[in-house]
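Since the structure of chain E is provided, determine the placement of chain W on it from the hints.
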Amino acid sequence: MERTERARSWRPGPRLVSVLVGGAAALLVLYPIAYLIQASLSVGDPQSRPPDAYGLDNYTGLGRYAHIFGNTLLVAATATVLAIVLGFGMAWILSRTNVPGRAAFEQLMAMPYYVTPLMGALAWALIAAPQSGFVNQLWRALGGEGHILDVNTPWGIAWVMALFEGAVAFVMIGAVMKSMDPALEEASQVLGAGRMRTMLRITLPLVLPGVLGAAVFVFAEMLGSFSAALVLGLPSRFYVVTTAMYQLVSQYPPRFPQAAAMGVSLFAVMFVMVYIYRRIISRGTYVTITGKAFRPRAMDVGRLRWILFGVCLGYLSIAVVLPVLTLLYASVQRLATAFPRAGNFTLSNYVTALSLDAVRSALWNSLLLGCATAGVGVVLMGFLSWIIYRSRLPGAGFIEYVVMFPQAVPRLVFAFGMLWAWLVFPIPIYGTLWLLLIAYLTVFMPLGIRTISGVMLQIDRTLEESAQMCGASWGYRLRTVTMPLLRPGLIAAALLLFIASVRELGASILLMGPKAKVITPAIVESWFSTSSELTAAMALLQTLAVALALAFLFAVARRALRPVGE
Amino acid sequence: MIVSASPPAARAASIEVRDLVVRYGTVTAVRGVSFSVAAGEHLTLLGPSGCGKTTTLRAIAGLEKPTAGEIRIDGAVMYDAASRTQVPPERRGLSMVFQSYAIWPHMTVFDNVAYGLRVRRERESDIAQRVGWALDLVQMGELAGRSASKLSGGQQQRVALARAFVFSPSVLLFDEPLSNLDAKLRAEMRVELKELQRQLGITSVYVTHDLEEALAISDRVIVMRDGIIEQIGTPAQIYDLPRNAFVADFVGSANLIRGRRRPELEQGGFVVLETQGGALIHGVAHGRSAGREAVFSARTVHLQLSRERPASAHNVWPARVRSRVFQGDFTQYHLDWDGRRLVLRCVTSEPVAEGTDCFLSVDPRHCVLLEE
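Protein chains in written order, with this note's numbering: chain E, 2 to 567; chain W, 9 to 380.
These are computed hints drawn from the structure, not numbers from a lab.
Don't take every hint at face value.
[As the list claims (entries may be wrong)] Pulled a few chain E residues facing chain W out of the computed Cβ check, cut under 7 Å:
| hint | residue |
| --- | --- |
| 1 | Leu-75 |
| 2 | Phe-310 |
| 3 | Thr-463 |
| 4 | Glu-466 |
| 5 | Gly-472 |
Each residue gets a CB set at the ideal place from its N, CA and C atoms; glycine is no exception.
Same shape as in the complex, but just chain E (with noise of 0.2 Å):
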């Protein structure tokens, strides 16, 4: 019979397939962060590895950086009220009101997440340093005094990363807004209640789930956050834990361990941040239960919307234009000032960034590593997301739970523990760009996933089944049913890994080798070593680079994405 025949052939089954991707990607993850710890414990020679002698001193001798510690609850609380602000205030604006050009603004709104807060940083640095700062020396040049803005402060960082942050707000409420039915409202209204107390007893209890859930993933988000504290602290000897961590290891001599038990620390807090974010999403949020997606009816504003106008004109302005023209106009002259003169405009730091090898070769490398990530990453993510949500073996749950880890731990900290793992690693990979591929690819596993298993959530499970009742074996049904349905999300996963991965810093800081750099560490130290003339022409460089690999992309995708038939 055909059946037995076909039976005999051996091929690797999905179990032992799914076992080893699995087993890789939990050793990926897990591995370093074993090391972490272990450095964490370490009391006896900083330098020595293993360590000859474990306690929880580095532990107790946290109390020394207990201010270290407040800096960072100071920055990040204020970034995350000043974020869901914004965003709540965007959302609302957006989804709620007849305000001109609303689908616009909607679009547009993914703009702020492409200035990230490096680039902010750096802007906002020439705008309002203390000393060089554009409007400082407008003031100055009006008769002022010292200054009147001043970055280099925990506002500052605040500021920049509320900027950024702000977007990613109005995205997750503006996500709850539009899922909440309109008929939930109407009936109140029905019912007689006002407006008014429609909207304190229906509105807001519907709303106020995934406010808080954003706040805390914001809040979360900006414990681990480095780039802008870097930038704009470092001047004034302002360290959050990120920024103070990197002075330990980076300081000479070294300090690891208590490096490695600040990391820890960081974790746990963000680890217990991450926990309750999952809390809120998975039990308050009523309105998203259905999934389905209203056009919830706008409000008539009258003359306001004008003014609502205004403000989302105001919020994308500062978040965007001003930086980007900020960075822009500093990159043309001889000597950045807030006065234009004919004589100090010029085009050498473009030449100078382009002619210089070590910015080349950073470029090239970033852009190499973007593809490299996006690639294999694709592949990874994809069947890890098969694993974890389609597969049904046994132990899928678990290897949900430990692919999601890299969420709750800062990049720079996970850097740390793959900084010791891998020098100890028999194949030497340390210092080469191997070791950042596999930095990415860890540290970006959980978007990847998130994003591919968005879609795969989508894919009913009969139109697998049936594959499989046609006879179709695993790997053929994977090769001609879920990967060309899947091709949307693994289309959008690359993408956004390519731009995770060229744009990032807290990992490559710590993990690139003096002969293999990348480009956005090499940014920030042209800013501390260099000019930031230089600097601003290499950051917009970066940009447009990425802009150039995403329309290429998006090219080749859009012929990928053309349906079939007709």
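Same frame as chain E, now just chain W:
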């Protein structure tokens, strides 16, 4: 439209399910089900949602892993708890039509139907011919090149059907295939499906919660509830002789009348019950035994309403029309009878007004004794 010749020789298989148990965690969906399907037979699993019918079907398909029992197809073990055998679905040689149709939106109609043949590495020329034949059979021949994402529900259903039988599976499984269609289309497809089944002669197992569908297309029907089998029989047996109150109620609408046995009045093969209100009912036992108390089932369409007293000797009582609901094909009356409510459906040209006193009668052969 050219109807291609050469329907491939379908090798119908028999199915045997023995003591099947399917458990998910603490929930037991199927609790010890045994039945067999003869080669070429059309069997339907009928029951309300959550009765375990779909789980049973998916266990036969191999999409669910049972907890205990045995499943054989043509004598070959597909699942056996004792020897820990579980043949994966793709090696069972079955085919299935899903409730959601599961038409792959990224392929054309042709590619969807050709899938099972390509899996079997058939020659492309054979594939083209077979797909053409299958699509013609479901009247979709002209849409072969269309993208599957641009089909209506009824068209998707036809493609799903063609895809399922094109590679001559030994058994066809249907998981509520018509439940997503509107009522009119469903009635049409029911007839087409039946013709197709007879034409292909493939063994089929069909799952539905729709009584008419089950009665229309099956050789035999299995009524399930809470993971066990309530009754197995031909559509006529199930309808005319429901075994118990659940089947009587689920298979068409029935009035259940409880009463005390009056053996001293029984003659001519009839069983006689006396209700609490004192009415005497004659009915048939069909070999079933009854205790001191028993229940008759009388279908709503078998009750008769008349203004004058009918001539028959048994089962004639006065009753009053409480309410009347016009439903198009029939009129439903709610009657006050013997201190309770009875439901009656009839096709009359002369409606009886609400509040009218009249006579209710029923042929004793239509009062069926139920097992408790």
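To see whether the hints hold, each was checked on the structure:
1. Leu-75: Violated: closest Cβ of chain W sits about 48 Å from Leu-75 (chain E), beyond 7 Å.
2. Phe-310: It is violated, given that the least Cβ distance between Phe-310 (chain E) and chain W is near 39 Å, above 7 Å.
3. Thr-463: With Cβ-Cβ at 4 Å, under 7 Å, it holds.
4. Glu-466: 6 Å, holds
5. Gly-472: 5 Å, holds
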